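Let the sequences and hints guide you as you build the complete structure.
4 protein chains.
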Amino acid sequence: MSAIDLAPEWLTTEWFNTPSPLSLEALRGRVVMLTAFQMLCPGCVSDGLPQAQRVTATFKSSDLAVIGLHSVFEHHEAMGPNALRAFLHEYKIRFPVGVDRPDGTGLPHTMRTYGFQGTPTTLLFDRAGQLRRHVFGHIPDLQLGAELMALIGEQPLAQTELTSDVNGVCAPEGCR
Amino acid sequence: MSAIDLAPEWLTTEWFNTPSPLSLEALRGRVVMLTAFQMLCPGCVSDGLPQAQRVTATFKSSDLAVIGLHSVFEHHEAMGPNALRAFLHEYKIRFPVGVDRPDGTGLPHTMRTYGFQGTPTTLLFDRAGQLRRHVFGHIPDLQLGAELMALIGEQPLAQTELTSDVNGVCAPEGCR
Amino acid sequence: MSAIDLAPEWLTTEWFNTPSPLSLEALRGRVVMLTAFQMLCPGCVSDGLPQAQRVTATFKSSDLAVIGLHSVFEHHEAMGPNALRAFLHEYKIRFPVGVDRPDGTGLPHTMRTYGFQGTPTTLLFDRAGQLRRHVFGHIPDLQLGAELMALIGEQPLAQTELTSDVNGVCAPEGCR
Amino acid sequence: MSAIDLAPEWLTTEWFNTPSPLSLEALRGRVVMLTAFQMLCPGCVSDGLPQAQRVTATFKSSDLAVIGLHSVFEHHEAMGPNALRAFLHEYKIRFPVGVDRPDGTGLPHTMRTYGFQGTPTTLLFDRAGQLRRHVFGHIPDLQLGAELMALIGEQPLAQTELTSDVNGVCAPEGCR
Numbered sequence: 329m330s331a332i333d334l335a336p337e338w339l340t341t342e343w344f345n346t347p348s349p350l351s352l353e354a355l356r357g358r359v360v361m362l363t364a365f366q367m368l369c370p371g372c373v374s375d376g377l378p379q380a381q382r383v384t385a386t387f388k389s390s391d392l393a394v395i396g397l398h399s400v401f402e403h404h405e406a407m408g409p410n411a412l413r414a415f416l417h418e419y420k421i422r423f424p425v426g427v428d429r430p431d432g433t434g435l436p437h438t439m440r441t442y443g444f445q446g447t448p449t450t451l452l453f454d455r456a457g458q459l460r461r462h463v464f465g466h467i468p469d470l471q472l473g474a475e476l477m478a479l480i481g482e483q484p485l486a487q488t489e490l491t492s493d494v495n496g497v498c499a500p501e502g503c504r
Numbered sequence: 329m330s331a332i333d334l335a336p337e338w339l340t341t342e343w344f345n346t347p348s349p350l351s352l353e354a355l356r357g358r359v360v361m362l363t364a365f366q367m368l369c370p371g372c373v374s375d376g377l378p379q380a381q382r383v384t385a386t387f388k389s390s391d392l393a394v395i396g397l398h399s400v401f402e403h404h405e406a407m408g409p410n411a412l413r414a415f416l417h418e419y420k421i422r423f424p425v426g427v428d429r430p431d432g433t434g435l436p437h438t439m440r441t442y443g444f445q446g447t448p449t450t451l452l453f454d455r456a457g458q459l460r461r462h463v464f465g466h467i468p469d470l471q472l473g474a475e476l477m478a479l480i481g482e483q484p485l486a487q488t489e490l491t492s493d494v495n496g497v498c499a500p501e502g503c504r
Numbered sequence: 329m330s331a332i333d334l335a336p337e338w339l340t341t342e343w344f345n346t347p348s349p350l351s352l353e354a355l356r357g358r359v360v361m362l363t364a365f366q367m368l369c370p371g372c373v374s375d376g377l378p379q380a381q382r383v384t385a386t387f388k389s390s391d392l393a394v395i396g397l398h399s400v401f402e403h404h405e406a407m408g409p410n411a412l413r414a415f416l417h418e419y420k421i422r423f424p425v426g427v428d429r430p431d432g433t434g435l436p437h438t439m440r441t442y443g444f445q446g447t448p449t450t451l452l453f454d455r456a457g458q459l460r461r462h463v464f465g466h467i468p469d470l471q472l473g474a475e476l477m478a479l480i481g482e483q484p485l486a487q488t489e490l491t492s493d494v495n496g497v498c499a500p501e502g503c504r
Numbered sequence: 329m330s331a332i333d334l335a336p337e338w339l340t341t342e343w344f345n346t347p348s349p350l351s352l353e354a355l356r357g358r359v360v361m362l363t364a365f366q367m368l369c370p371g372c373v374s375d376g377l378p379q380a381q382r383v384t385a386t387f388k389s390s391d392l393a394v395i396g397l398h399s400v401f402e403h404h405e406a407m408g409p410n411a412l413r414a415f416l417h418e419y420k421i422r423f424p425v426g427v428d429r430p431d432g433t434g435l436p437h438t439m440r441t442y443g444f445q446g447t448p449t450t451l452l453f454d455r456a457g458q459l460r461r462h463v464f465g466h467i468p469d470l471q472l473g474a475e476l477m478a479l480i481g482e483q484p485l486a487q488t489e490l491t492s493d494v495n496g497v498c499a500p501e502g503c504r
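Residue numbers (our numbering), protein chains in the order written: chain A, 329 to 504; chain B, 329 to 504; chain C, 329 to 504; chain D, 329 to 504.
By construction, these hints were calculated from the structure, which means they are not laboratory data. Mixed in with the good hints there might be a few duds.
Chain copies aren't distinguished; within one or between two, either way the pair holds.
[What the hints assert, rightly or not] Below are the DMTMM-like pairs computed for lysine to aspartate or glutamate, each with C-alpha atoms no more than 20 Å apart in a straight line:
#	residue 1	residue 2
1	Lys388	Asp469
2	Lys388	Asp431
3	Lys420	Glu405
4	Lys388	Glu418
5	Lys420	Glu337
6	Lys420	Glu342
7	Lys420	Asp375
8	Lys420	Asp333
9	Lys388	Glu342
10	Lys420	Glu402
Here the structure is a predicted model, which means the values were calculated and not measured.
Encoded structure:
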């Protein structure tokens, strides 16, 4: 279905705070908020990550998945997995955090694919897995709360399909 | 339609920042956020009123009306209309503000009718004019943004009626 | 003593939070911090008055007297003594507050005499009653704490005189 | 002079933001504020280090030396010198920072010697090199400003000695 422009998967090398790796596809049906950060980025520490924690505490996990993505593009030697583990422990960050996959270039894969301008960056995906919002820097809580609820209020993909796809076309990768 | 339990009208003696008095009924079709305050209430000045200003700046006025209600229940002599006018000017409050009608008792009419526990109090009304939320004190921005958007996303009354009222009953004041 | 350029007295019409009117002269021997404010001035409410409360809580009253001065130059009808009394009660302001004397002009007497540019204005007087600092707007706490302590650390007038007045004149109440 | 109880030297393995290592002894004559921190300690990042930056900006360096001490007692592998260098760069910390010397025990040397309860810890030394204040956690800016100025206002050691030590006693480690 040409109308749905599925967002590319993130690529990661490691995950924290989750028993198994997470993919955008596996989260289909829920709204996804991804907060890309670096553990030594002051704006991430003072603003982006606390906001992601507040979002986690405010919305139901059945409606919304909050994901951290550690997209390191500088000081690589200071922000390896052990350092990140200590950071997540000290800052009491409990939502799942993946490590954006280094790419041989300075920028990690997901950062380059999505064209992050820096960190923190917030991405909002709808229940169907489409990217609906990409913000570098700060979004006020009031506006973020409204945007998240607007996405949560949209029909989940499954329901949409049930409703509209009576005579749909099925392809190997699923029905549209 | 008996399912709709219309909220009682506020009663006021005076309005600021609006060419003519406003009623809940006249705002039907839009979500309404009412912030009840006193100009000499510290929590209203530091929290409730700035939040109402942020809400005004964040949402479209065609979706949401923000209304201040000056519900004075103490220090009446210090918070009369002239004092309120100066206060609104100094604090750059631009949304419409009504003065809750004194009732002969200590509490003004709307405060007593709705049972405000104090100020600030936030009331949220849906597009159909029903009271959906009553909070004394602080609501975090993230949650308020989400609640407002949930209400904005609901079908306006008119549409609901078109859908559900095939066999409705019509009275002089409209169809239910 | 010609070296000492005594600051002019404030003139007031009324006092709150003190059993009797206070004068700069009667406070001689202590450092005096005067915070000039208007009850409907947003910067006074959010910044100047809370700072004066912190100063009151931090320094010994035998070293430092904190004085509020209500210097009303606009919205006079909204900021009369009754309104001020309610304001001081609601904002839990416990230090002495005098009402700057109206002068027939728009500006009250002390404001005009000292040339306040607006409110909040902070004046610091040393133990000898000399004006040592005049700031319109914000002083960071760290700097204010340092300036107050520098003044507190200066020799009180009496001691200075004892040291320097080898050929002074003695009266029953002490030597000068 | 038995009244002077000199504070023990800090021991370090490395310094940042200074061309050569600093010692308490070499800073004699100036007041010294030492902020002990860990780069992954949230309270240090949000409170202790910004306060040390404000102190640096507020006082003259001829009166007061601000020193950071990286006293790592947990997550050692995440807070090595390279990580610290990146941290200081990202957080724009410009005052000299020494690395507290590991001691074979979990606690670094200076932390153990002084009995830090954790980080952030603030130590204030007077011009004579005596420890005058030891605080774990937060000190309000107003109080810190006052305490620093009180120490700055004290007679420098040299002067004290000139006055009192006419017939002093000299030992190998110096004259008292």
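We went through each hint and held it up to the structure:
no. : hint              : result
1   : Lys388 <-> Asp469 : both (17 Å within a copy, 17 Å between copies)
2   : Lys388 <-> Asp431 : neither (34 Å within a copy, 43 Å between copies)
3   : Lys420 <-> Glu405 : between (23 Å within a copy, 19 Å between copies)
4   : Lys388 <-> Glu418 : neither (25 Å within a copy, 35 Å between copies)
5   : Lys420 <-> Glu337 : neither (27 Å within a copy, 35 Å between copies)
6   : Lys420 <-> Glu342 : within (19 Å within a copy, 30 Å between copies)
7   : Lys420 <-> Asp375 : both (15 Å within a copy, 17 Å between copies)
8   : Lys420 <-> Asp333 : neither (35 Å within a copy, 41 Å between copies)
9   : Lys388 <-> Glu342 : neither (25 Å within a copy, 42 Å between copies)
10  : Lys420 <-> Glu402 : between (24 Å within a copy, 15 Å between copies)
The structure fails to meet hints 2, 4, 5, 8, 9 from the earlier list, while all remaining hints are met.
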